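There are 2 protein chains.
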Amino acid sequence: MNNFTYSIPTKIHFGKDQISHLNELKESGDKVLLVYGGGSIKKSGIYDNAMEILKSADITVYELSGVEPNPKIESVRAGVSTCKENEIDMVLAIGGGSTIDCAKVVAAGACSEEDPWELVLHPDRIKKALPIYSVLTLAATGSEMDEFAVISDLSKNEKWGTASELLKPTMSIMDPQYTYTVSPKQTSAGTADIISHTFENYFTNVKGADVQARFAEGLLKNCFKYGPIALKEPDNYDARANLMWTSSMAINGLIKDGAEVAWCVHPMEHELSAFYDITHGEGLAILTPVWMDFALSDKTAGKFAEYGRNVWNIVGEDDMVVAKEAIAKTREFFAQMNLPKTLAEVGINEEYFDKMAEKAANGCAGSFVELTKEDIIEIYKAAL
Amino acid sequence: MNNFTYSIPTKIHFGKDQISHLNELKESGDKVLLVYGGGSIKKSGIYDNAMEILKSADITVYELSGVEPNPKIESVRAGVSTCKENEIDMVLAIGGGSTIDCAKVVAAGACSEEDPWELVLHPDRIKKALPIYSVLTLAATGSEMDEFAVISDLSKNEKWGTASELLKPTMSIMDPQYTYTVSPKQTSAGTADIISHTFENYFTNVKGADVQARFAEGLLKNCFKYGPIALKEPDNYDARANLMWTSSMAINGLIKDGAEVAWCVHPMEHELSAFYDITHGEGLAILTPVWMDFALSDKTAGKFAEYGRNVWNIVGEDDMVVAKEAIAKTREFFAQMNLPKTLAEVGINEEYFDKMAEKAANGCAGSFVELTKEDIIEIYKAAL
Numbered sequence: 001m002n003n004f005t006y007s008i009p010t011k012i013h014f015g016k017d018q019i020s021h022l023n024e025l026k027e028s029g030d031k032v033l034l035v036y037g038g039g040s041i042k043k044s045g046i047y048d049n050a051m052e053i054l055k056s057a058d059i060t061v062y063e064l065s066g067v068e069p070n071p072k073i074e075s076v077r078a079g080v081s082t083c084k085e086n087e088i089d090m091v092l093a094i095g096g097g098s099t100i101d102c103a104k105v106v107a108a109g110a111c112s113e114e115d116p117w118e119l120v121l122h123p124d125r126i127k128k129a130l131p132i133y134s135v136l137t138l139a140a141t142g143s144e145m146d147e148f149a150v151i152s153d154l155s156k157n158e159k160w161g162t163a164s165e166l167l168k169p170t171m172s173i174m175d176p177q178y179t180y181t182v183s184p185k186q187t188s189a190g191t192a193d194i195i196s197h198t199f200e201n202y203f204t205n206v207k208g209a210d211v212q213a214r215f216a217e218g219l220l221k222n223c224f225k226y227g228p229i230a231l232k233e234p235d236n237y238d239a240r241a242n243l244m245w246t247s248s249m250a251i252n253g254l255i256k257d258g259a260e261v262a263w264c265v266h267p268m269e270h271e272l273s274a275f276y277d278i279t280h281g282e283g284l285a286i287l288t289p290v291w292m293d294f295a296l297s298d299k300t301a302g303k304f305a306e307y308g309r310n311v312w313n314i315v316g317e318d319d320m321v322v323a324k325e326a327i328a329k330t331r332e333f334f335a336q337m338n339l340p341k342t343l344a345e346v347g348i349n350e351e352y353f354d355k356m357a358e359k360a361a362n363g364c365a366g367s368f369v370e371l372t373k374e375d376i377i378e379i380y381k382a383a384l
Numbered sequence: 001m002n003n004f005t006y007s008i009p010t011k012i013h014f015g016k017d018q019i020s021h022l023n024e025l026k027e028s029g030d031k032v033l034l035v036y037g038g039g040s041i042k043k044s045g046i047y048d049n050a051m052e053i054l055k056s057a058d059i060t061v062y063e064l065s066g067v068e069p070n071p072k073i074e075s076v077r078a079g080v081s082t083c084k085e086n087e088i089d090m091v092l093a094i095g096g097g098s099t100i101d102c103a104k105v106v107a108a109g110a111c112s113e114e115d116p117w118e119l120v121l122h123p124d125r126i127k128k129a130l131p132i133y134s135v136l137t138l139a140a141t142g143s144e145m146d147e148f149a150v151i152s153d154l155s156k157n158e159k160w161g162t163a164s165e166l167l168k169p170t171m172s173i174m175d176p177q178y179t180y181t182v183s184p185k186q187t188s189a190g191t192a193d194i195i196s197h198t199f200e201n202y203f204t205n206v207k208g209a210d211v212q213a214r215f216a217e218g219l220l221k222n223c224f225k226y227g228p229i230a231l232k233e234p235d236n237y238d239a240r241a242n243l244m245w246t247s248s249m250a251i252n253g254l255i256k257d258g259a260e261v262a263w264c265v266h267p268m269e270h271e272l273s274a275f276y277d278i279t280h281g282e283g284l285a286i287l288t289p290v291w292m293d294f295a296l297s298d299k300t301a302g303k304f305a306e307y308g309r310n311v312w313n314i315v316g317e318d319d320m321v322v323a324k325e326a327i328a329k330t331r332e333f334f335a336q337m338n339l340p341k342t343l344a345e346v347g348i349n350e351e352y353f354d355k356m357a358e359k360a361a362n363g364c365a366g367s368f369v370e371l372t373k374e375d376i377i378e379i380y381k382a383a384l
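These protein sequence lines are chains X and P, in that order.
So that you can map any letter, position 42 of the first sequence is 42 in our numbering, and since no number is skipped, the others follow by simple counting.
So that you can map any letter, position 233 of the second sequence is 233 in our numbering, and since no number is skipped, the others follow by simple counting.
These are computed hints drawn from the structure, not numbers from a lab.
There may be inaccurate statements among the hints.
Intra- or inter-copy, both count: the list cannot distinguish identical chains.
[What the hints assert, rightly or not] Simulated pairs of lysine to aspartate or glutamate, EDC-like, Cα-Cα distance not exceeding 16 angstroms: (1) 84 x 374; (2) 11 x 165; (3) 55 x 115; (4) 207 x 238; (5) 55 x 354; (6) 299 x 17; (7) 16 x 68; (8) 341 x 293; (9) 72 x 317; (10) 128 x 89.
Values in this document were obtained by computation on a predicted structure and should not be read as measured data.
I would like the entire structure built from these sequences, with the hints used as guidance.
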């Protein structure tokens, strides 16, 4: 196990009707920037509910709406301007990971003289941030409890993640009922995202990090059990609750700390989203089994077999056989969730493979199995 | 899954030579009360090391030494007096759970006009506490990352736990190397304590709390794997590290939140320690399998079988058969760790069963299987 510093300071109010805790924002001031996406939170009533609670707490609300699924730097800049012009005390994101990510960089940008894109490219330039709050409406990115934010500049085909202790939310509200109306497509993509976060941490070369590995296996079991239930019964509370809490645990540091490894499927997927604006979780579902095929070797079979035995209860002595069955199970699961199997299905062809692979290769450096630019092109091709 | 509020604000510096982070105490002031037990931290060099770092950070150190294995209220009172007389800014415990528990109640008592025993009996009277820091030297209670403290008044045969958000440490340093010198007896007792914390949370009637259950199973696997290794190879880093990190995770709220249930083996054991001052973990190891035998019924067999299948990989269709094998495995494990099997072995006879059971029954109310005073006497008798 590696040395590590564990710090998950975000307070979470989890469960039914926890939105009443929005009055706690008062602890950070009396002017909030409310960040949200399309109109879904108005249709669902969450918007009205939140406004009422904030009003009762004498908090003045400014708004940044229309945040995109892959949040754009232009939205961040608009939010930063509003914060600076009105001396806003805190940001409140209501939505999924994209909305929260946007709000996070707004919170940092509001305390900086630099253009926020610089804070995306250079996380170390984040020196201060407004307090960040969130109400989560989609189980996927884990942004409600972590230090990450991913922002795109589509004019440059760029999508980058930034990270800072200062971007960890002060408090998040997680009401699984809010995810009842998440579409089947987004439910599947969100589940794929959670699974990928877990895999990215789980497939590590660090030895002896058993707390982390056993936790990761538990999270994977939850996804495989509850993903299909959530698809079939969108208002199954326990399915939505377990997916939601799993999404936070997959990326809040708990399964990473002490078992550190560079991610690789995410960097490869970020290029797909940056060039084609596809749904992140769908890109992950396409690439993950292909990456597994590529990464499997005599050297790594033991780890894949551990995954197969502990998560899928596959019985067998031969690591390679168990490993292959585990990868097949993973592939079947994504198919069962109606996730796309090939890049062609989401409209991607070979055109930018070279460019995308070159950029992805940097992000992948230090991952479980080292990937060169050529390896990544091979993976992209196998995913066609 | 139940509604819950998750809050684990303690920062942890985990790993080799993390004691250098003691300079962070400066953030809380410049006068610290150092709380420790016997001379073992002097023998091991941790004391000198800590003093040097604190001195370099210009922090003045006051001391409370000689804290007992079951920390006494008299020690707490002495610490409170020192804090009040010298306007101390924070407390720093170096030791195991007993030392940290003592320091926690000192921290609360220093901010209160009441006698600290009142704060033990009435947790809601804890309104403020000095910042609490710890350097852990024993993997067991999880006190380094939780809100609990257990204090004894042996003059009254009383041992009670108190709890408060304010008792959660600000920062704890966990260096597994410090546990290399923990005796076989304490290694075994500590492992039993971790296992019991996990069981107390795991055996719940709350349905659908899968994140919590899968995490608990992972923690149990770690104890069963690494307990015997730590006994055989006291300086096996991965064994000590996994036991140490597991000890924190078993009780910091992670596996409890959303799956709440009253504990029962701990309240029964606390009476044994209060009346006989025995080692807490040994009492737990004696009582746990006996409690399992008692709690097993057609109604609970499913849960015990889940434990058997997911932790011990027991294969079988019949819940009752799997459950019984799982209980047998648990009993065997404690025996393998050279833990006592009967109350007689630790010098306890029937004399106080009636008195102890009466007190324990209150603490057990609302547990996985409800226990009357008579039930508890039956369990004590079966443990003779």
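task = Any hints from earlier that this structure breaks? Give me their numbers in increasing order, please.
result = Violated hints: 1, 3, 5, 6, 7, 9; rest satisfied.
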